[in-house]
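Following the working numbering from start to finish, the sequence shown increments by one per residue and tops out at 306.
For the record, the hints were derived by calculation from the structure and aren't laboratory data. You may find that some hints are simply not true.
Unchecked claim - Lysine-lysine pairs mimicking DSS-like chemistry, simulated, CA-CA at most 30 Å apart:
1. 300 - 253
2. 68 - 300
3. 68 - 253
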Amino acid sequence: MWDGYSTREASELVGLPESAIRGCVRAGLITQDHRRVPLKLSFRDLRVLRAVQSLVAGGIPMRRLRQQLSALRRRLPAERSLAELTLAAHGCHVVVRERDSAWRADSGQMVLDFAGDDRWGQVHPIPLRREAVGPEPAEGLSAGDWFERALHLEEVDTAAAIAAYERALRLRHDAGEAWINLGRLHAESGNTTEAGRCFREALALDPGDATALYNLGVVAQDEGKDQDAIAFYRRALAIDASLAEAHYNLATLFDRGGDTRAAIRHINEYRKLTRQRG
29 MWDGYSTREA SELVGLPESA IRGCVRAGLI TQDHRRVPLK LSFRDLRVLR
79 AVQSLVAGGI PMRRLRQQLS ALRRRLPAER SLAELTLAAH GCHVVVRERD
129 SAWRADSGQM VLDFAGDDRW GQVHPIPLRR EAVGPEPAEG LSAGDWFERA
179 LHLEEVDTAA AIAAYERALR LRHDAGEAWI NLGRLHAESG NTTEAGRCFR
229 EALALDPGDA TALYNLGVVA QDEGKDQDAI AFYRRALAID ASLAEAHYNL
279 ATLFDRGGDT RAAIRHINEY RKLTRQRG
């Protein structure tokens, strides 16, 4: 009897990486208990994920998108789902369309001259200039300057942020944090090949970097290389046992592989760690 879509099935259907789907669940964008393994997604959940994919395609960086949709989720009554709303991209913001009006998802501020149609989940960007991020930097900036610029650009322009991190790394190849951030942006954009290369560069600089190992696990899991992902997550946890998301991802992998005992052990560790965070 059908009981829902797995994250891998949902990824194939909506065109988002599995890691992005898991991030949406943990951020509360989907009305699922993210501590449950196996995670099963409904038709309604797929509607939300398709909207997320459309908004990313409309130019909103994934991190900013999750922040804005999380704020919107908190504004809604508990019984309402994001799947009931018509969402669209307006510059670098998510807006909600209701009849003849539209308002920003993060603040509730009304948006004027919003154009669109009545098809749910379709993105109709208004010809709007992106938020100002300051003048183009002059030559001669340091690696640190480019890194700080990249951090700011992550919120408004993923492609520009990637370019800024690359400039920083050309000036200072041993900047591990820049490699990690650059890899994350590639991963969120679905470019697992480049993401993996960046995380391996970070790991070569510091073989004890648990974040690089964890992210290599995420890339391997997105590529369907489950055994490689398990090995990376285990290595990351051996260095930093507080990586709750590594336990969660291991639980999903072991459940998919039929090792129920290991899945339960890791989901319990995940619950314990996330309770401590709270």
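Measure nothing beyond the straight line between the CA atoms of residue 68 and residue 253; if it is 30 Å or shorter, mark the hint as holding.
20 Å, holds
Is it true that the CA of residue 68 sits at most 30 Å from the CA of residue 300?
Judged against 30 Å, a Cα distance of about 22 Å means the pair holds.
Just to be careful, I want the Cα atoms of residue 300 and residue 253 compared with a cutoff of 30 Å; is the pair within it?
27 Å, holds
In summary, the structure agrees with every hint in the numbered list given earlier.
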